[in-house]
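Order-wise, the sequence lines are chains H and V. Per the numbering used here, the very first residue in the first sequence carries number 1; after that it's consecutive. Per the numbering used here, the very first residue in the second sequence carries number 1; after that it's consecutive.
Among the hints, erroneous ones may be present.
Any copy will do: because identical chains look the same in the list, a pair fits if it lies in one copy or spans two.
The list that follows gives simulated cross-link-like pairs (lysine-lysine, DSS-like), each with its CA atoms no further than 27 Å apart [stated by the list, open to error]: (1) Lys256 <-> Lys313; (2) Lys120 <-> Lys185; (3) Lys4 <-> Lys120; (4) Lys144 <-> Lys263; (5) Lys7 <-> Lys193; (6) Lys245 <-> Lys299; (7) Lys248 <-> Lys21; (8) Lys311 <-> Lys193; (9) Lys299 <-> Lys268; (10) Lys268 <-> Lys256; (11) Lys120 <-> Lys248; (12) Lys248 <-> Lys298; (13) Lys298 <-> Lys263; (14) Lys256 <-> Lys299; (15) Lys120 <-> Lys263; (16) Lys30 <-> Lys256.
These are calculated hints, taken from the structure and not from any lab test.
2 protein chains.
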Amino acid sequence: MYRKEIKVLDCTVRDGGLMNKWQFSKDFVKTIYNSCVEAGVDYMEIGYISSEDQFPRPEYGPWKFCAEDELREIVGENNTNTKLSVMADIGRIKFDDIRPKDESVVDLFRVACYDYQIDKAIELAHHVMDKGYEATINLMAVSKVNNRALDQVLEDVAQSRVGTFYLVDSFGSLYSEDIHQLMEKYTSMLPGKTIGFHGHNNTQLAFANTIECIRCGANMLDATMLGIGRGAGNCPMELLLSFLKNPKYNILPILKAIQEQVKPLQEKIDWGYFIPYMITGAQNDHPRSAMAWMNSDKKDDYVAYYESVVKNKEV
Amino acid sequence: MYRKEIKVLDCTVRDGGLMNKWQFSKDFVKTIYNSCVEAGVDYMEIGYISSEDQFPRPEYGPWKFCAEDELREIVGENNTNTKLSVMADIGRIKFDDIRPKDESVVDLFRVACYDYQIDKAIELAHHVMDKGYEATINLMAVSKVNNRALDQVLEDVAQSRVGTFYLVDSFGSLYSEDIHQLMEKYTSMLPGKTIGFHGHNNTQLAFANTIECIRCGANMLDATMLGIGRGAGNCPMELLLSFLKNPKYNILPILKAIQEQVKPLQEKIDWGYFIPYMITGAQNDHPRSAMAWMNSDKKDDYVAYYESVVKNKEV
Numbered sequence: 001m002y003r004k005e006i007k008v009l010d011c012t013v014r015d016g017g018l019m020n021k022w023q024f025s026k027d028f029v030k031t032i033y034n035s036c037v038e039a040g041v042d043y044m045e046i047g048y049i050s051s052e053d054q055f056p057r058p059e060y061g062p063w064k065f066c067a068e069d070e071l072r073e074i075v076g077e078n079n080t081n082t083k084l085s086v087m088a089d090i091g092r093i094k095f096d097d098i099r100p101k102d103e104s105v106v107d108l109f110r111v112a113c114y115d116y117q118i119d120k121a122i123e124l125a126h127h128v129m130d131k132g133y134e135a136t137i138n139l140m141a142v143s144k145v146n147n148r149a150l151d152q153v154l155e156d157v158a159q160s161r162v163g164t165f166y167l168v169d170s171f172g173s174l175y176s177e178d179i180h181q182l183m184e185k186y187t188s189m190l191p192g193k194t195i196g197f198h199g200h201n202n203t204q205l206a207f208a209n210t211i212e213c214i215r216c217g218a219n220m221l222d223a224t225m226l227g228i229g230r231g232a233g234n235c236p237m238e239l240l241l242s243f244l245k246n247p248k249y250n251i252l253p254i255l256k257a258i259q260e261q262v263k264p265l266q267e268k269i270d271w272g273y274f275i276p277y278m279i280t281g282a283q284n285d286h287p288r289s290a291m292a293w294m295n296s297d298k299k300d301d302y303v304a305y306y307e308s309v310v311k312n313k314e315v
Numbered sequence: 001m002y003r004k005e006i007k008v009l010d011c012t013v014r015d016g017g018l019m020n021k022w023q024f025s026k027d028f029v030k031t032i033y034n035s036c037v038e039a040g041v042d043y044m045e046i047g048y049i050s051s052e053d054q055f056p057r058p059e060y061g062p063w064k065f066c067a068e069d070e071l072r073e074i075v076g077e078n079n080t081n082t083k084l085s086v087m088a089d090i091g092r093i094k095f096d097d098i099r100p101k102d103e104s105v106v107d108l109f110r111v112a113c114y115d116y117q118i119d120k121a122i123e124l125a126h127h128v129m130d131k132g133y134e135a136t137i138n139l140m141a142v143s144k145v146n147n148r149a150l151d152q153v154l155e156d157v158a159q160s161r162v163g164t165f166y167l168v169d170s171f172g173s174l175y176s177e178d179i180h181q182l183m184e185k186y187t188s189m190l191p192g193k194t195i196g197f198h199g200h201n202n203t204q205l206a207f208a209n210t211i212e213c214i215r216c217g218a219n220m221l222d223a224t225m226l227g228i229g230r231g232a233g234n235c236p237m238e239l240l241l242s243f244l245k246n247p248k249y250n251i252l253p254i255l256k257a258i259q260e261q262v263k264p265l266q267e268k269i270d271w272g273y274f275i276p277y278m279i280t281g282a283q284n285d286h287p288r289s290a291m292a293w294m295n296s297d298k299k300d301d302y303v304a305y306y307e308s309v310v311k312n313k314e315v
């Protein structure tokens, strides 16, 4: 599959940090950055951007804040072909804390929001665009949004100046038929805009769904090395680059970073395919109860977990 | 997804045995069998059927032979709704060693073959059908078969009395576009026959490809518990049953068997998503070099493995 418009975004540090409160070593982040640059990855998302009063340091590592001086310790002036991205949650970053683009190495703000926050998301996206950045809006948990509410979101986005809108499978619960239906809706209601995709791997479909989105016209694709990410993780970068077969991408630096930093980390953090994550995915549930179960001494008791999930549904 | 014609076949012991020479404890096999029965799985494939002089006992465990007395130790008379399947490799079972159906608890013979063996596969399938069994033919490694050779295989199968023919992704190298093209070919050239699918998970697409095959009309689907199988493994049974949403299937006994037997085994045997298996899948190669690498002391040196694979292609 080759299409020149396709851009790949690495969110290894940003999404992976959901598993360790962004407590990565500088070596880790530097290795991921260098490998993105060498591999030809278009964007690297290095963390969440948050105002300092929103979360306690040092409980949360630097990539929950993305302070400019800490970014520069990793990327310098970032004179590379890999653009730098940060994710912003609604309400976590004060507008006044965002520098003008010419004072920052950040290129892209991705605004994550729920459907009922779309007005605030558009406001923030317009604000950062006015300061000189690129912006996307990433609508989370679309598998729980009803059709009328989704229409309203898409109508608002269509009228905005925001050029890229993301289909996000937050719970890893979408099957290919869902992908086709949503992509059809997104592309038809957002003419002229770029559609992105961010998958989760609860039912081992993050890569497959990414492929289906490509087929349906998505041109901005998220992936992480060895699939690191919240719970079951994300679409693995090494699979995506192999599939894309674009000469500008090079898989070897990705394999090297996995070998040196990501695989060793997997011995300490349980992301990937585990039965509790699979159960929440198949049930279209938030993974929080599975993550709590995986952190308990009952993590291997799948029967008890399944029964607790089913019981909680019988209300 | 519900379609009453769909049948599910568990090959946990048969394909998983490729990783440990079928050295499963009786408890393990009994647990898998009981859970298939309780879960409503249509067929359980308990191993390969081989003549005793083909492989040395006890290097190979009982499920490489499927002797009638050893089968009965697990399943008794198998008075259940789960049929018993064995796989036969060409040349490994003498016709005279196959009992008439009324002397065996086996219901189904699946004949595995390469394209150049199709005449022998049809002969064996007809032989077992004449002895009273059901039969399928499973054409392996189709990703390496050229179009003219595949036409010839399908023409031969079309003229045979064999009712079920399998699309087999032996190397875990097929993408959904391959699946669609092959399923179109299989269904159009084999009118009236059932098409089956057996996937491998090298690029995390075994479940996704199974779904695509279902959409294209496949009605016999292979899966294994926790995806156990050669190298990267197979389509996970727990995902497939969740997707099918057929009231006759029950996922809880599968989760119980995974918890009691399959997950603990995963601590001893490395099946699943590992970079060397991903590399052979993405390259459409047999996994044997990856399996050898995974058994060496260089198993975590992905860069060296990738370079050795690429080098071997430059001939």
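Okay, the hints, checked on the actual structure:
1. In this assembly of identical chains, the alpha carbons of Lys256 and Lys313 lie at most 27 Å apart only when taken from different copies (20 Å versus 44 Å within one copy).
2. In this assembly of identical chains, Lys120 and Lys185 lie within 27 Å of each other by CA distance solely inside one copy; the values are 22 Å within and 51 Å between copies.
3. Within a single copy, Lys4 and Lys120 get their C-alpha atoms no closer than 32 Å, and across copies no closer than 48 Å, so neither meets the 27 Å cut-off.
4. Taking the closest pair of Cα atoms, Lys144 and Lys263 never come within 27 Å of each other, the shortest separation being 33 Å inside a single copy and 31 Å across copies.
5. Proximity of Lys7 and Lys193 under a CA criterion of 27 Å is satisfied intra-copy only: 14 Å inside one chain copy versus 43 Å between copies.
6. For the homomeric pair Lys245 and Lys299, the shortest alpha-carbon distance between copies (26 Å) is at most 27 Å, but the shortest distance inside one copy (39 Å) is not.
7. For the homomeric pair Lys248 and Lys21, neither the shortest alpha-carbon distance inside one copy (33 Å) nor that between copies (43 Å) is at most 27 Å.
8. In this assembly of identical chains, the alpha carbons of Lys311 and Lys193 never lie at most 27 Å apart, being 43 Å within a copy and 42 Å across copies at closest.
9. With identical chains, the CA atoms of Lys299 and Lys268 are at most 27 Å apart both within one copy (15 Å) and between copies (19 Å).
10. Proximity of Lys268 and Lys256 under a CA criterion of 27 Å is satisfied in both settings, with 19 Å inside one chain copy and 26 Å between copies.
11. Taking the shortest Cα distances, Lys120 and Lys248 never come within 27 Å of each other, neither inside one copy (36 Å) nor across copies (47 Å).
12. In this assembly of identical chains, Lys248 and Lys298 lie within 27 Å of each other by CA distance neither inside one copy nor across copies; the values are 46 Å within and 29 Å between.
13. In the homo-oligomer, the alpha carbons of Lys298 and Lys263 lie at most 27 Å apart both inside one protomer (25 Å) and across protomers (14 Å), since each shortest distance falls under that limit.
14. In the homo-oligomer, the alpha carbons of Lys256 and Lys299 lie at most 27 Å apart only across protomers (14 Å), although the nearest pairing inside one protomer, at 31 Å, exceeds that limit.
15. For the homomeric pair Lys120 and Lys263, neither the shortest alpha-carbon distance inside one copy (38 Å) nor that between copies (45 Å) is at most 27 Å.
16. In this assembly of identical chains, the alpha carbons of Lys30 and Lys256 lie at most 27 Å apart only when taken from the same copy (13 Å versus 43 Å across copies).
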